[in-house]
Amino acid sequence: MKMERVDKELAELRHTFRSGKTRSLAWRETQLKALLDLVHDHQETLFDALHHDLGKHPVESFRDEIGVVKKSATHSLAHLKNWMKPRTFSQFPPAFAGSKAVGRIVLAAAAQHLTPVTLELGGKCPAIVDLTSISSRYDTQIVAKRIVGGKWGPCSGQACIGVDYLLVEEKHAQFLIDLLKKYIRRFYGEHPKESNSICRIVNRRNFERVQRLLKDPAVSASIVAGGFIDEERQFIDPTILLNPPLDSELMTEEIFGPLLPVITLNDIGESIEFINSGPKPLTIYPFTKDEKLKKMIVSETSSGGVTFNDTMVQFLCDSMPFGGVGESGLGRYHGKYSFDTFSHEKAVMERGFYPELEPRYPPWNSFKLKFIQLAYNFDYFGLGLLLMGLKKH
Amino acid sequence: MATTIEEKEVTVFGEEEAKQLVNELRVAYDSGRTRSYSWRVAQLKNILRMCDDSEKEVVEALHKDLAKPELESTLYELGMIKNACKVALKELKNWIRPEKAKTSLTTFPSSAEIVSEPFGVILIISAWNYPFLLSIDPVIGAIAAGNAVLLKPSELAPASSSLLAKLFAQYLDTCSIKVVEGAVSETSALLEQKWDKIMYTGNGRVGRIVMAAAAKHLTPVIMELGGKCPVVVDSDINLQVAVRRLIAGKWGCNNGQACISPDYILTTKDYAPKLVDALKTELEKFYGKNQLESKDLSRIVNSNHFARLSKLLEDEKVSGKIVYGGERDKDKLRIAPTILLDVLRDSLIMNEEIFGPLLPILTLNNIDESFNVINSGTKPLAAYIFTNNKKLKEKFVMSVSAGGIVINDTTIHMAVHTVPFGGVGESGMGSYHGKFSFDAFSHKKAVVYRSFTGDAALRYPPYTGFKLRMMKALMGGSFLAILRALFGGSKS
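Protein chains in written order, with our numbering: chain A, 1 to 393; chain B, 1 to 492.
No wet-lab data here; the hints were simulated from the structure. Quick caveat, the model's predicted, so the values are computed rather than measured. Ideal Cβ positions, reconstructed from N, Cα and C, are used throughout, including at glycine. Any given hint might turn out to be false.
Claimed, not checked - Pairs of lysine-lysine, PhoX-like flavour, derived with a Cα cap of 25 Å:
no., chain 1, residue 1, chain 2, residue 2
1, A, K392, B, K295
2, B, K269, B, K393
3, B, K285, A, K368
4, B, K19, B, K194
To be verified - Which residues of chain A face chain B? A partial, calculated answer using Cβ under 10 Å:
no., residue
5, L54
6, V106
7, Q112
8, I142
9, K181
10, D216
11, P217
12, A221
13, V224
14, S299
15, G304
16, C317
17, S328
18, E345
19, K368
20, L369
Stated by the list, open to error - Derived CB-CB ranges, DEER-like:
no., chain 1, residue 1, chain 2, residue 2, range
21, A, R205, B, D30, 35 to 41 Å
22, A, G98, B, S451, 32 to 38 Å
23, A, G98, B, K295, 55 to 61 Å
24, A, A34, B, S451, 35 to 41 Å
Chain B extracted, bound-state conformation (with noise of 0.2 Å):
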């Protein structure tokens, strides 16, 4: 059938294809090349080469969606991969090796150990926030732990998503690691697929969408989810260093539109007029006069969350309470450093995770209020606290639950490889980086050995009391007991 019309040619993503990609990955995966040691050295090294010599087109591409400064670009994502590699590098053999397990009394002679296994085919879906790291991140995870990878990264940052999947088929094994790219169709798809396991990060709407449709597979999955990271405050601290590193944490980090960013504060009403003093005053040192086009800030990342964040600011509730910037460029997606003081706790600001460059603050009579309103709300991904007072470090340690915390600081639990990182409640479940990445996409096999020698008559049946007081004997582990019904004694 002739057409005089040139049609573009358009692949559609639906089902079909994205069976056919788990498929492709099935057998890759079967085929055991990802289990080798070697292979998964090569991969790891590939994403550090591929890092090294792309570093101006991510840095570009940060640029083109989310005007990223250059040094969060190459520090908080390009420079948090290669260390992630690196660690991966250096310990996997270790991780690899299995792990001795103790036996006892009651299964001698037996040895035991704990094998870690692959899961098999993972999928990874990921943020636009950090869309280099939050990407490449879990998918170093997944190679090391030996699993073939989906990765679909976020149609939100496009240039990045798109840098993603060109480079991604440059330097990696692309029959073992794959990139689709896409918005919701494509994602359905995808989730429609049986995985071994699924790691999503995002918000807590489509975490419930992910995990439904992994639970039709019993598919294991882990949620990187948000929440809103409060920040206490307490007096008596060294302020301009608190305050130095609540806004690296807040406007340092994608102008706050970060998972870890501090949300809000918690302060007396007698400290917040030294805080906000103080936060001024960093901040024009940090920012300068012209924050709205400061070059050191990202801008916000599409209108939609513009106006969503516009939205807070006009709220009846909080009107008069700004009282720093406040400026909005709605053309160029641009809101400047904002802080809004004695917000109250039922104004839309304080009902979701704001995820953008607002403070709200909050004022209490007493310091140790702080943990109701804390607690009043769902779990957070992180919670903040600056104080030299050692009970209430304690106090908030105890009494706060977040996936993380940190005391006189923010956000670098992140760069900590020691530690888990991930939620809690709504903010997440299953966590990484470091070994726990390893961790989180391998199968823990129990394997125990056992000989033929030491079998025990008293296992089988016929059951008789005799060999009910051995068994109970011998369970307890106590040898007087194990003695005592061997030689008779009294029915128990």
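For reference, chain A alone in the conformation it holds in the complex (with noise of 0.2 Å):
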């Protein structure tokens, strides 16, 4: 039944396209400025259906998902014009947002018809703290705040490109715990069940999965803040471990929920080598003054981006492609971007039928071998000489 309802509505769907009704600016203009009418009308009732799937609250909603799309759809409006001129183009994708696994399926099943595809997949996103070169209060706080924000702020940690697991030098350890474990009061109080800036999990599946993930004694006797669980309301406090072990799922294994890794190193360069050794993730936000590092972070490593002394604001740059490498995806959007992984670009070339070049038409001899060499050398000296019967050929 589900599989006929499939069918017709993609037979719809092409028919609608070719009648070539989506093609014109007004259309889409049209649908945009819709799209931005009912996220405007119905911004409540989006808030509320928010609130009621994840616990999510009207701010983390507005600053992670409306905002972001009434954004998008400004700024696609804006220039639609622009980037639709001069190229045309004709084809529809699948985009497809996810997990590694069925990321697979996806792809495997686009393969059967050689339709291109766009993953946006996830992976282990880490940070890296490089406190030897943060020194000042003021900034050491501010890459706290910035941690906690981008781990447990968008979808308590149930993000493609939230912070998964930390990476820190092991004196610096117990004080930027300290620090986080700080802000994560401050944000979310004594109790942060009761806070409503906070979400839950998503589902019991996966929360399941992420209580699984401490059922390893191991992994629970590293527990070093929060380790809270609220088994009716799906709830998991923000939690961090020190140097759980490495080939725990947890480590290895994208968490997607609110539990925070913090891996101790001997010198913080390690952490490339430590990164390298697993697989390419969609972001990885090195917090560092140090150029040096800096450089060798982004020319060593591999990642979908690299945001350097912050976490989560690539997402909101509409200049900057959006996507992941390797494991962590396929293709980019965003911006622009966003517009030309829709699209075909389609080369058009427009030849007169004069100057007309005898040399391009068999029969073959030395004279238009050698012509043709002249002209793909762009040697028009060569050229005029050996028209003028000059050169040797």
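Fit the two chains together into the complex; they arrive one by one in their own frames, and the hints show the way.
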């Protein structure tokens, strides 16, 4: 029954596309404006729905979802005319956001039809905290705030670009953890479960998955903050773990939840090797003032993107492509990149009937060969000589 | 265990060997050697030298594999390869330089750039019809972008494949650039491995297999496939020039065995006789009277394809439609330039990519009917129109979906490195040539630099109504709204 419905809907979509209706600037503008109206008129309903599904606070909903959609639609409306000239286009590939396993299934299915795909997946996005180069009280506070904001702020860790784990030098670890605890308290109060500013886990299945990550006794022994679980409300406290085993599920799978492992290193430079030993993440978040380290991170690691000294904000930059590499995804979008991702860039060339070059055509001889060789090399002088009979061929 | 019969040692290239090769390439890539500007320049210069030094051998190999005329080998293979190298060498510094991106009020203060990063280890599977061009051109892109590469040339052009293996080993960095010769089993073993990007040039059937294998590793792909490239011929044009350009693109390109060769023609019933006459006249001028033996035409690549093409000619639905040519020589694998007139839509020849020297002409009552015919098929790699009618040109560009479109010529967009060369739908995905090659083999990494100043408390919990108002105002980017939010004002 369901498949028939999907087939029918796809057929309708194709029919509509073929009619040419979606190609006009007017149609696209109308739809984008309608999206803006939808989001504006039903903002409260959307806030309610997100609160119902995830316990998400309206500010978080606006900041991370509704506001972003509004910004994106507005940006597209402002630039659409420009983006549309002079190229024409005609393709709508599927886009998919989700997990690696499902990503493979989607890609395999698309391969059957030679359908191009954009996959926005995830990965373990590390934050590298170089407290040797960041010493002022003010700056360290910013680091802690931004990390807490980047871990539990977006959907309580359930975001592809959320901070997954932290890398810090052994000697600074306790200081950092204390600072993180301070800001968790400041943002979410003594009992985060009662704060309306943090999400819960989206559903039972994922709740049990995250809960399972803590079941490993070596992992639960490494908890240094949080750990409180409310089974009924599918809520897990902001939890920090210090040096859990690297071969635990917690450290090999994308967490996608409110658990923050802190891994200590002897020297912050080791973070590069650490990150390179795993699959390429969607984003790396280095906090450092060391210009040399910054350069090394950009050139020696590979990720969808890198954001220095902050978390999440790259998502708001419409001028930057947003997408993964390797296991974190294929393709990109945001701003004009969205337009380009869903367009086929068609090469169009126009020629006049004049001038016409005889040497293009058979029967071949050495004169024609020389002519074309010179033309390929843009050797106009040589061409001139050849035409005047002054060049050997 | 002694044997009396001397057994010839056969190296089997299976999964183990494939895995080892990939590992070697990864080690080479991880060492960082392919990332340096000087390494890339050295390889590109070596390719140039390789082409110059080996021109004679390349022409011989192509002649052996395809009976390709010397001029086609020199110009459409070596010439294009050398051009690609020269463009890359000239522009590489620019291409490598990170692209600065604008940032907005929302993330003030910050700076951002897009860094081009090599994917890592690339697999390039090439085709038989332009074995040098379609192998080396992608390799140039992969090298320019700083990757390690493995090339798998087509086994259907064996002399070219073995020459490529020999030349690459002689001229290029063998740690980072390798060639594996072989057929289905070698290719399958390679496809089981994890690559960082795969480029395949060939047909849709194998394309699906390659993409499905890539899907297992979430490997992105470029597919350069094919399709039936239509040519719409309007009346009131310079017929002689149009016909010459048609012939050059059809029979002048490996005797029709090229992905962007004109496949079939659409013209009006009234104009068709003129068109056929002009074709006959120019074909004779180009190839003489005994076209089956012309040295200026490639032969058919092998007996499979020869049989395939013969079947198209033997189809009942086209009997009586051959108005020119049709001669075949099975032993020499030659088919003369053949024109079929008034071919029906449902004949065999209209149901698959011809990839040979047969040119069907479909006649219509009105030239506008072309659009229905073209759009009822899958999207081709290229579409061509000969016309002086401005409205028709515009309609063609707007409503025909193809990889590329050329007006009043055929195939030449392949030589213009400033336009992307690639397909859409069944004809492929992704594109290359010029900077597009560099981009095809680069991951565009978004890098944002933030400072510690300008931290906005309103980002952080606990969330309040004030923070919501400010957030809305900031994201809307309007100063007025920001002021209003800052200085109170009613709850929105």
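A quick look at each hint next to the structure:
Distance hint between K392(A) and K295(B) is fulfilled; the C-alpha atoms sit about 23 Å from each other, no more than 25 Å. Taken as a hint, the K269(B) and K393(B) pair is honoured in the structure, with Cα atoms around 20 Å apart against an allowance of 25 Å. Taking the CA atoms of K285(B) and K368(A), the gap is near 15 Å; set against the 25 Å cutoff, the hint holds. Distance restraint check for K19(B) and K194(B): the Cα-Cα separation of roughly 9 Å lies within the 25 Å cut-off, and the hinted pair is therefore satisfied.
Because the smallest distance between the Cβ of L54(A) and any Cβ of chain B comes to about 14 Å, over 10 Å, the interface hint for this residue is violated. Satisfaction of the interface hint for V106(A) is found here, the shortest Cβ-Cβ separation to chain B being roughly 8 Å, below the 10 Å cut-off. The beta carbon of Q112(A) is positioned within 10 Å of a beta carbon in chain B (closest approach about 6 Å), and the interface hint is therefore held. At a threshold of 10 Å, the smallest CB-CB gap from I142(A) to chain B is about 5 Å, leaving the interface hint in force.
For K181(A), the interface hint is violated, since its Cβ never comes within 10 Å of a Cβ in chain B; the closest pair sits about 15 Å apart. At a threshold of 10 Å, the smallest CB-CB gap from D216(A) to chain B is about 27 Å, leaving the interface hint violated. For P217(A), the interface hint is violated, the least distance from its beta-carbon to any beta-carbon of chain B being 32 Å, above 10 Å. Interface restraint check: A221(A) against chain B, minimum CB-CB distance 29 Å, threshold 10 Å, status violated.
Given the 10 Å rule on beta carbons, the hint for V224(A) is violated: about 21 Å separates it from the nearest Cβ of chain B. A cut of 10 Å between beta carbons decides the hint on S299(A): the least distance to chain B is about 8 Å, and the hint holds. Taking 10 Å as the C-beta contact cut-off toward chain B, the hint placing G304(A) at the interface holds, the least distance being around 7 Å. Evaluation of the C317(A) hint against chain B yields a held restraint, the C-beta minimum of about 6 Å falling below 10 Å.
Look at S328(A): its Cβ gets to within about 9 Å of chain B, closer than 10 Å, so that hint holds up. A cut of 10 Å between beta carbons decides the hint on E345(A): the least distance to chain B is about 6 Å, and the hint holds. For K368(A), the shortest C-beta to C-beta distance to chain B is roughly 7 Å, which falls under 10 Å, so the interface hint holds. Given hint, L369(A) at the interface with chain B, holds; its Cβ is 5 Å from that chain's nearest Cβ, closer than 10 Å.
Distance hint for R205(A) and D30(B): a CB-CB separation of about 38 Å, consistent with the stated range 35 to 41 Å. Distance hint for G98(A) and S451(B): a CB-CB separation of about 34 Å, consistent with the stated range 32 to 38 Å. In this structure the hint that G98(A) and K295(B) lie 55 to 61 Å apart at CB holds, the actual value being about 58 Å. A C-beta distance of roughly 39 Å is found between A34(A) and S451(B), which places it inside the suggested range of 35 to 41 Å.
The structure fails hints 5, 9, 10, 11, 12, 13 (numbered hints given earlier, in ascending order).
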